[in-house]
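Using the sequences plus the hints, can you model the full thing?
2 protein chains.
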Amino acid sequence: MAWEKLAEDKKARIAASIPQIWRLKSTPTEDSVMDYPEKSGIMTAEELAMTESSATDLVTKMAHGQLTSVAVTTAFCKRAALATQLTNCTLEFFPEMALARAKELDESFKNTGKVVGPLHGLPISLKDQFRVKGLETSMGYVSWLGKLDTENSVLVDLLFKAGAVFYVKTSVPQSLMVCETVNNVIGRTVNPRNKNWSCGGSSGGEGAMVGFRGGIIGIGTDIGGSIRVPSAFNFLYGLRPSHGRLPYAKMANSMEGQETVHSVCGPITHSVKDMRLFVTSVLAQEPWKYDSKVIPMPWRQSEADAIKTKLGSGGLTLGYYNCDGVVLPHPPILRGVETVVSTMKKAGHDVFQWTPYKHEYAVNLINGIYAGDGGTDIYNTLKESGEPAIPNFADLINPDLPKIDMNELWDVHLKKWAFQSEYLEQFRLAEETLGKEIDAIIAPITPTAAIRHNQFKYYGYASAINLLDFTSVVVPVTWADKSVDKKQEAYKALNDMDKTVQAEYDPEAYHGAPVAVQIVGRRLTEERIMAIAEEIGRLLGNEITP
Amino acid sequence: MAWEKLAEDKKARIAASIPQIWRLKSTPTEDSVMDYPEKSGIMTAEELAMTESSATDLVTKMAHGQLTSVAVTTAFCKRAALATQLTNCTLEFFPEMALARAKELDESFKNTGKVVGPLHGLPISLKDQFRVKGLETSMGYVSWLGKLDTENSVLVDLLFKAGAVFYVKTSVPQSLMVCETVNNVIGRTVNPRNKNWSCGGSSGGEGAMVGFRGGIIGIGTDIGGSIRVPSAFNFLYGLRPSHGRLPYAKMANSMEGQETVHSVCGPITHSVKDMRLFVTSVLAQEPWKYDSKVIPMPWRQSEADAIKTKLGSGGLTLGYYNCDGVVLPHPPILRGVETVVSTMKKAGHDVFQWTPYKHEYAVNLINGIYAGDGGTDIYNTLKESGEPAIPNFADLINPDLPKIDMNELWDVHLKKWAFQSEYLEQFRLAEETLGKEIDAIIAPITPTAAIRHNQFKYYGYASAINLLDFTSVVVPVTWADKSVDKKQEAYKALNDMDKTVQAEYDPEAYHGAPVAVQIVGRRLTEERIMAIAEEIGRLLGNEITP
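So the sequences go chain by chain: A and B.
Using the UniProt record's numbering, you'd call the opening residue of the first sequence number 1 and step up by one each time.
Using the UniProt record's numbering, you'd call the opening residue of the second sequence number 1 and step up by one each time.
DMTMM-like cross-link-like pairs, simulated, lysine to aspartate or glutamate; straight-line CA separation at most 25 Å:
1. B/K358 with A/E256
2. A/K358 with B/E151
3. B/K147 with B/E96
4. A/K415 with B/D157
5. A/K250 with B/E408
6. B/K250 with A/D405
7. A/K358 with B/E256
8. A/K289 with B/E432
9. A/K457 with A/D496
10. B/K289 with A/E432
11. B/K161 with A/E437
12. B/K492 with B/E360
13. A/K308 with B/E286
14. B/K403 with A/D411
15. A/K403 with B/D400
16. A/K103 with A/E136
17. B/K383 with A/E408
18. B/K415 with A/D405
19. B/K289 with A/D350
20. A/K436 with B/D157
21. B/K147 with A/E408
22. B/K383 with A/D411
23. B/K161 with A/E431
24. B/K415 with A/E286
25. B/K415 with A/E136
26. A/K345 with A/D305
27. A/K133 with B/E425
28. B/K436 with A/D157
29. A/K403 with B/D405
30. A/K289 with B/E431
Hints are computed from structural coordinates only; laboratory data are not their basis.
Everything numeric in this text was worked out from a predicted model, so none of it was measured.
See the structure below:
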């Protein structure tokens, strides 16, 4: 069958998965669809309240019998149906399976008076890399359509054991190697706050879904910003844990087996509180007993407490940078970093300027790693169906591009290791000068606020952190504001990439777009960085006090 | 200069590094040189006692001012000088530098009344992969001779901070990829217990040195048995930690940058007590702040205590196997496993038969990984000087052998990951059946007792564990005994490799050779496996009670 036909068929199946009563009567014409759930008349006031609550509150209420999983799941299924129709963020929607599962959980609770686990009854949305037995994982590739999974990804299994309910799998860009979300199966996913903006990528479907509150905790993956960019573009929190903290086994992927820079999975949430609920719930399942790549490292409350202790005495020591030396962020992002810096200083924390160490070198190195097989893996997957490459990365999958040779790869490994260790030395040297430990670095995650379609060009703010395998939590900060974020007309670009990125800024077009920063810590510092991100969010006023 | 000349020059320099008064008057003719230190007249009774003590006792005495580092260092330098002359185990010997360092430490202690760290004053021997500023790291390659290191390996730096004294770097086989120790620079290192037996490899110089008590703690590396085999062949304890536990940065290596299976470093000691001293001392230096590959995981006393608790109540649950399904071990090894099994059963522990899972598949997979670049890296290093390949692996470095292609490598990564995760599943399934946690697996580490030269053929008992990245501690058990370890004449070999290995057994030739087992645990279980190894050693009567 022609690839276009297969894609049409899939789109029809997605549309058909939405019950008649949840379908839109008309397509809204506004740029933002954020107020649509209330306007639609499809959701009850209780359902709106549930979806605008927190995962932590919902599981608490379900554990006390104050809410049923069927009620909560129904609410999220409805809102996810709306998100699907309004932002085109969905590749698989299965409310019937979800409600059957919710009913089972409710019955179990009724019979035993006990929850099956810490996520009992909670709907969790999944990026379409996660395999759920009996469903499709197309990852937006036409050639993968119609193949039903015969087993669950390990994380799906463990979340299931913890009591989660699955109901939707969300869209990704073809190949996953792009920070926007567009593929030949369902086309483009848009930002629920403005259809002219990207929802980010590659976990862009999750970004749009959770941003719209069609999901309360979404799970994405990140090899070069793919959790953090959608979090930033949708005013959400996102965790890129270090490799080995959370299980990735039995997931679908592009360039599977590439291990020079690992893709990792992590949550996209509305609060650090919910992020912690997710991480502690997964770690309580001892994922290292299922996935050999997971480090046997349970949740370390002592690490989180170390930050709390500092908050109560003397304060944090935070580095920051607003430019990596390659591309200067747009004015809204510069203001975002400055807002966090001044907020933290005002609260008594020690904030100093961090000099990014060889980021350009790092970005070039990781770009070479992404292109390690000359695009062969992706090329072959496209060839199977005959679908074309999406324009965003078409130049990278020419089969005539050379592959890295084994000894060249080993050289890349050595360069990566040396760079990582040199970066650690930068920390040590700075700590010697400061006479104290550095708790985190505040940095841009993208050079732009939620970007206009097809304009995402510079991945370096995200990908340098992937090369370092540092832990990073995205914190939403503010919104682009044309009245203050003026274009710097006299700016002299650092290089061609910088020039391209600067040219994209238009105060009018970006007005109101979400602005975020990332909070970065050394490898495997999830507990600490989450605690710091929570405090920053609290001080900014966009995070509920724990 | 011809490679032979460079090698001669190096040998002359090693010989010259031994002070006249420590030189042998005559070459002993006996097979074993174990009693030579006492017979030589070179060492005092006090020096003999110090070298026959434990590292733990020595650091305690130095910390209480009951011994000086100069005295201890002198004793080990003398004994190392003897080991060098009797077993040919040394590539760098630098007693002057060591004694200057020891003097500094003694003065510091005298002035401050404090030790600089937990290893204050303790001599530690290093495999010749560790770089020490100002010295050579030839690793037995002629082409690397004469190049002085400009910086220390990270582990050397951290041990230095902990108070260690360095005095010797020991020999390795050319390329490191062999479990015996022979190179074109100094030739072959022999087993101090019998010059007809191998000292093992690739950390064979360490095995001979520590076995002879020219060292009390030696550090080796292991990518396919290279710590464990020399430990086994010299009646020593050896730890192969999981990757990421101890630092490897800035060390010399063959096939540097190959990361599909990581080489790791670890201690070779006379007791688990000394092993623990080493590991806790290194972890106390926070190696993860220096080497990006090290996991931020301090010493977990709670994990060691979990084993202690089990010893006090209910006992351990231990699997065992005496054959991996590929090669049946020689009779002394079968008896070694049986000795441990019956000892543990008698002590009330639950010991059950473990079925090795797809070990042949694992061994084939890892052999393909070792040969990933078709031997290019090693071939090029040999070509530089013109030295020939040692016979043990000459067939593996033909430059016409194909390299793995990038996409093939990714496929290997996936196979490795799947195999590792399937092995974890075997643990889970067995634990379900048993209704309790498995604490460790008892297994052979080699199919033979300390082997005759050039006869090491089958690496699978060691290398399957490397592929799994499991933690393993070698425990010395007993000695081959011609009166009980009879050749099984009627045995029908499983395959050609098995036939070759069986043919090698000769009760007479192996009489008295060290026999060991390895105690294996899941990834990053160092504290637990060390505690179990200690208990096994205690019950066997070859480990001092802590």
